[in-house]
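**Student:** The primary structure of each chain is shown beneath.
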Amino acid sequence: MNQSLAAEATHHDVIIEASPYGIEKKKLGMWVFIVSDACTFAAFLYAYGYVRVGSPNWGRPFEFSSILNGIVMTAVLLSSSLTMLASVRASQAGTKASALKWLGATMLLGAIFAALHLREWFKLIAEGWRLFFNPTGGPALFGATFFSVTGLHLTHVVIGVIALGFVARGYSQGRYDQSHMETAGLYWHFVDLVWMFVFPLMYLMNAH
Amino acid sequence: MATNRELSMSSYVGIGVGLMAIVGVEVFITYQHLPTRTQLFALLCLAGLEGFVAVMYLMHVKYERPILFWSVFPATLFVFVFLCYIWPDAFRMLSLGLVK
Numbered sequence: 070m071n072q073s074l075a076a077e078a079t080h081h082d083v084i085i086e087a088s089p090y091g092i093e094k095k096k097l098g099m100w101v102f103i104v105s106d107a108c109t110f111a112a113f114l115y116a117y118g119y120v121r122v123g124s125p126n127w128g129r130p131f132e133f134s135s136i137l138n139g140i141v142m143t144a145v146l147l148s149s150s151l152t153m154l155a156s157v158r159a160s161q162a163g164t165k166a167s168a169l170k171w172l173g174a175t176m177l178l179g180a181i182f183a184a185l186h187l188r189e190w191f192k193l194i195a196e197g198w199r200l201f202f203n204p205t206g207g208p209a210l211f212g213a214t215f216f217s218v219t220g221l222h223l224t225h226v227v228i229g230v231i232a233l234g235f236v237a238r239g240y241s242q243g244r245y246d247q248s249h250m251e252t253a254g255l256y257w258h259f260v261d262l263v264w265m266f267v268f269p270l271m272y273l274m275n276a277h
Numbered sequence: 863m864a865t866n867r868e869l870s871m872s873s874y875v876g877i878g879v880g881l882m883a884i885v886g887v888e889v890f891i892t893y894q895h896l897p898t899r900t901q902l903f904a905l906l907c908l909a910g911l912e913g914f915v916a917v918m919y920l921m922h923v924k925y926e927r928p929i930l931f932w933s934v935f936p937a938t939l940f941v942f943v944f945l946c947y948i949w950p951d952a953f954r955m956l957s958l959g960l961v962k
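Sequence order for the protein chains is A and B. Basically the working numbering = 1-based index in the first sequence + 69. Basically the working numbering = 1-based index in the second sequence + 862.
In short, the hints are calculated from the structure, not lab data. Since no wrong hints were added, every one of them can be taken at face value.
Here are the simulated distance ranges between beta carbons:
1. P89/A x V941/B: 19 to 27 Å
2. G910/B x G239/A: 32 to 40 Å
3. A87/A x C907/B: 33 to 41 Å
4. A144/A x F935/B: 24 to 32 Å
5. T224/A x F944/B: 19 to 27 Å
6. G910/B x T224/A: 21 to 29 Å
7. S873/B x K170/A: 16 to 24 Å
8. L187/A x Y947/B: 34 to 42 Å
Chain B stretches covered by chain A per the calculated footprint, using a threshold of three residues with CB under 8 Å from any CB of chain A:
9. 869-881
10. 903-915
11. 932-945
Quick caveat: nothing in here was measured; it's all calculated off a predicted structure. Even glycine gets a Cβ: it sits at the ideal position worked out from N, Cα and C.
Only chain B is shown next, with the shape it has when bound in the complex (with noise of 0.2 Å):
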């Protein structure tokens, strides 16, 4: 259960304002035209900050016991980058004649 270390409506109501702000940055790197994979890695990372942020504080993660954080989110992470691995893998399928 959560403690009653919790923040009060006006700061959650300040965390929305500060991700609504993270968003108008996202839309400031848009229209930069920048390099497809530079964008994307920009964009992947705010959108990390901003999950993050939402984790932590409008999902509660910050005040629970730490072990739901550290049980959960390393997991999870390990097959997020492990995901990484496995798509470029697929690539494979085209120099094995498969794909034509």
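For reference, chain A alone in the conformation it holds in the complex (with noise of 0.2 Å):
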């Protein structure tokens, strides 16, 4: 009689062992991809880094005002990730107004970080920066770099404000729940978090 159930259970149930982690499957996959992004940025860090310090001549483009820049690019993104932290608070607390609040918060201050990211660039791009030109006749590759590391972090921000947009507008339409309200917080934390290492590195290190 057992056996027979036990057959029956094979063939028509689907047994699910609960994950060791104690989370959901979507944000396990999410921890996957923030550790394989992470790698990602490590190279290129790694790779700035060695051509950094092997670079005696390495032009330093940055003034103060793109250091203040900079900082307040940091702070930006820092709030953004509060206002985040915010708006999950709420969707687990099951208020849906205000988590849509923050979210949209969140949102606006991704594109204010995004903005402020341009300006810099265009600003280097007037002063005849290129991805390999250095319009002050050191080492080209300060371009490559600056342009390469901050243009990844840049798209993360930019696919991350959208992915966000999607979020918000599953969550008011009842299809999303706190779940993917908390998946996404933890991509939007990682861009933040990447981002505590690219400014040190590649704004601090290239300051007058």
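With the hints as a guide, bring both chains together as one complex.
**Tutor:** Set out below in structure tokens:
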């Protein structure tokens, strides 16, 4: 009798063991993505670190105004992490309007960050910096490394803002729940985390 | 799933302020005009501290089961340390005659 029940169960039911991590699959998937993405950024930053230390006449194009711009960008991105936390908290508490309000604030801060970032890019481009050209005559690697690393990060921010928009839409329509908000939040905090390495290495290491 | 031991929102704001204070220290170090290697090492240490706080608190690893931390971070750190070994090895190319 028991054997026939077990056979029936294997034919008709899917037995899923509880995750040893105690988190949902989508969140675990996001962690796997984050680890692989962290390795990508680490490879970029290691490569930059070696050419930076190995080039004695490396250009230092950033005036204090650019560093100040970077500090404001850091504050904006850090604030967006806090608004994301507030949004996840509100979704866990079941207050949909508050969750959407904080999510909107996060997207706005992400957009401000991207605008400040592009302003810095255009300023450098106006000064003559290119991917493979240094207007001061030193090694051209500053442009290659700066635009590559910050461009990769900026891409993550822009994709993050768009993804948060989709999550907000799904959450407001009831298709997504708090677990989707948590997973999106995890990605957003990772973007913030990467900036904590990009700012000192790409900006502060290149200040006058 | 995260537990109910999580911090209050005001505590998270405090963590955010603390992270900005570390950024302030980084800027201060920058304008001390240290040798490049020393500056890089100091900034990396401070960024690592910031990253650790962000992972543990903002990304909630502190409030998840310890198995998440132990299965993700030692392996990731091993990869990062191993990159330290791989990149200098690339300098061998200079003595192989492949790069002129």
